[in-house]
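**Student:** One letter stands for each residue in the lines below.
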Amino acid sequence: MNTAMNASAMTLLKTLSSSGTVRNAFPNYELDESYDEMFSSTGIPRDHYHALYRTLLELPPEELRKSQQAADLSFLHQGITFTVYDNKEGTERIFPNDLLPRIIPGEEWRKIEAGLTQRIAALNLFLKDIYHEGHILADKIIPRELVYSCRHFRREMRGLNVPRDIYVSICGSDLVRLPDGSFAVLEDNLRVPSGVSYMLANRKVLKRVFPTLFRDYGVCPIDHYTSALLAILRSLAPVNSAGQNEPSIALLTPGVFNSAYFEHTFLAQQMGIELVEGRDLLVHDNIVYMRTTSGLRRVDVIYRRVDDDFLDPITFRPDSNLGVPGLFNAYRAGNVALANAIGTGVADDKAIYAYVPSIVKYYLGEDEILPNIKTYLLTEKSELGYVLDNMDKLVIKAVGESGGYGMLIGPHSTAEQREEFRARIIAQPRNYIAQPTLALSSAPCFLDGGVEARHVDLRPYILFNGSVTLVPGGLTRVALRRGSLVVNSSQGGGSKDTWVLRREIEVD
Amino acid sequence: MVYSIRHVTSFVYEPAIRESVMEVRVQPRNEARQRCLTFSLDISPRANIMTYRDFLGNTVHHFDIPGRHSQFKVTAQALVDVQAVPAPTPGAVGSWADLDSMVASGDFSEMLLPSQFAQSTELLRELTAELRLERSGDPLERMLELNHAIYGAFDYVQNVTSVDSPIDDALRDRKGVCQDLSHIMIAIVRELGVPCRYVSGYLCQRDGAHDRSADGATHAWLEAFLPGPGWVSFDPTNDLVGGERHIRVAVGRDYADVPPTRGVYKGDAESELSVAVMVTPAEAPSSEEITPRTVLRTRSPNRAGWEQFQHEQQQQ
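Taken in order, these protein sequences are the chains called A and B.
If you're matching positions, the first sequence starts at 1 in the working numbering and goes up one per residue.
If you're matching positions, the second sequence starts at 1 in the working numbering and goes up one per residue.
One thing to keep in mind: the hints can contain errors.
Computed from the model, here is a short list of chain A residues facing chain B with C-beta under 8 Å [claimed, not checked]:
1. R155
2. E156
3. P318
4. P325
Everything labelled a hint here was simulated from the structure, so no lab data went into it.
Cβ coordinates follow ideal geometry from the N, Cα and C atoms, glycine included.
Work the whole structure out from these sequences, hints included.
**Tutor:** So this is what it looks like as structure tokens:
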């Protein structure tokens, strides 16, 4: 920690800690078998949390409450909202933000960075391979039918070359911290990961709410995310395009009803690129154009936030009105670049996920730096039997879903829900996987005027163009309901700022 | 045998539509047993035609018409040389065990997994049970029996199913056209662990042959992979093993991979789709103009966005 903390405060803290009364400051702060980000298992604040801990003790709750209100107002004014599907009530909500930053020491971050860099390099090679020669399938590292039966496998991509062999330009991998304090990857999101705008908005607000604390902590900046994203998009522009020097880039959104529409407008505005819907684009003679008030303008690169299925009604779902007819053929001809490429979802299928350590080993010859979570493949008879017998202990997930949809959390499920999932699994075992219920780590949150522990995960955003740009931090998602393990914003989760520290913490 | 093929697809719209975008798979394949000597494609109104080969090696042409138009015509003409191949005989084909080991070492999953139109259903399982089909004896004999059994079990009737009918529509009354019968046989063959694929193409009608279907449409059949001869054609609509009269245009997992035309447009209009196909031996060129047969009249629902072009069912 920085030198701001004086020796007497330190002494006081240590005294309190050893007497076990530190946590008495936060009567509702419950520690369970999970790793807690702020407190060690004996209730002593971890070194990198001392300064925040002290601030929480010193600040009157009224001050914190005011800060929270100011933060909420700021989110409201910025229009930071998201949409929840399957909800009969109003679907648009303010994204709940928690006031207290989640703090990650620099040396922990470096390991995360190395692990994610390794992982995206391997997954990108995997995508290139399965859409070309398929060595990993011929070598029987991954069963061929597992890949070909993926809902997000796009056979239309076979033999098609993508710009610079980059399939995944933007990736958001979800990390969890296990009870022993180590990080593991829970899932990868290689299609259209969302949430980065909340990461940037959280930071903007927290810098205002805790200016001194922020400065004294030496937090790594993340503001360069959008310029790095823009650079990645530019690097994909077709070389034969007339606009080579100044490529024309657009962000394709499904429209105002999409859960991440706020983010689409935010990113387009930050990068100074056009925000378009499918109906704003057209393809003529294999070239993509944007309809503008001054006529048609060629588009070189599309940051698409529309799923593969809906991109082009000629090639994919014929009933899609969100896409652009002929887009895939323009893409095939190399006249427009898409980020991410089409067909990346096969690599974040939850059954393929189980093979990621093998994928890393196969392409890079290395052991994985960030481990996976144990995953039961229900196509394996022995694993299927175990899962059906232990549904109340496991988490069951549909393989092609994301956002926490199609999921059963065994310990929190009813017998009726388990029966329903049992029937679905038996009918289509390939469509589900199971994992042990994880004790996600918990972090301090400011709730109802007090500080309480809530479960969190971490989604860093990885930008890739052969090398990796990883802004230090990410979106820490919070399960706001007490005891809940579901952090997805679509399932009632919130988020908080994530502070990666520039230098090592020195206590005393 | 050299064939001359003329395939005309016309759409008429009232009122006019705009922004048509279309993909067509109408160029006969160029491969070992079949050579496409000449091919031409004509679009009216005029459009730039672009082309690519899809992941199954089929040639695809595509184009777009941005302005308003009330008619739209695609004319494909080809001269194709098809070589006669002696039909494989039982005994010349390897065993089920040979098949399994070839499948295990090759890239056949695409043609083994269920696909959109060729997948098992309750009604299909009933049919399979009736046929008492099992993996025994000679794989080719089993395929021939199945081909014959499907031919016998189904009446060839047009217009009881449509281009996007699931197989249950044909299974329910045991009636349908070549597209349905092919999907049904593909689903059964794959259940037996035999890789199987859909073929879109043309059949040259011949006097005296007992073909059930009339002239004037595209045809569909299937190919099963057998150890020894490789891909063998079966035509359950006509109880034939594919040969010199079958002209291959495109192969896929099922119809969804290889429709002769696929496209969308903008507009709210009454539409009429007509199709004409003429296949004649080239040494007897026919100069007579062919009359397209109206196959479908529809009205698109009144809504914003893209409408799908009506598509021709593979009926012959």
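**Student:** All hints are to be evaluated individually against the structure, with a verdict given for each.
**Tutor:** Going down the list of hints, with the structure as the test:
{"no.": "1", "hint": "R155", "in the structure": "holds, 6 Å"}
{"no.": "2", "hint": "E156", "in the structure": "holds, 6 Å"}
{"no.": "3", "hint": "P318", "in the structure": "holds, 5 Å"}
{"no.": "4", "hint": "P325", "in the structure": "holds, 4 Å"}
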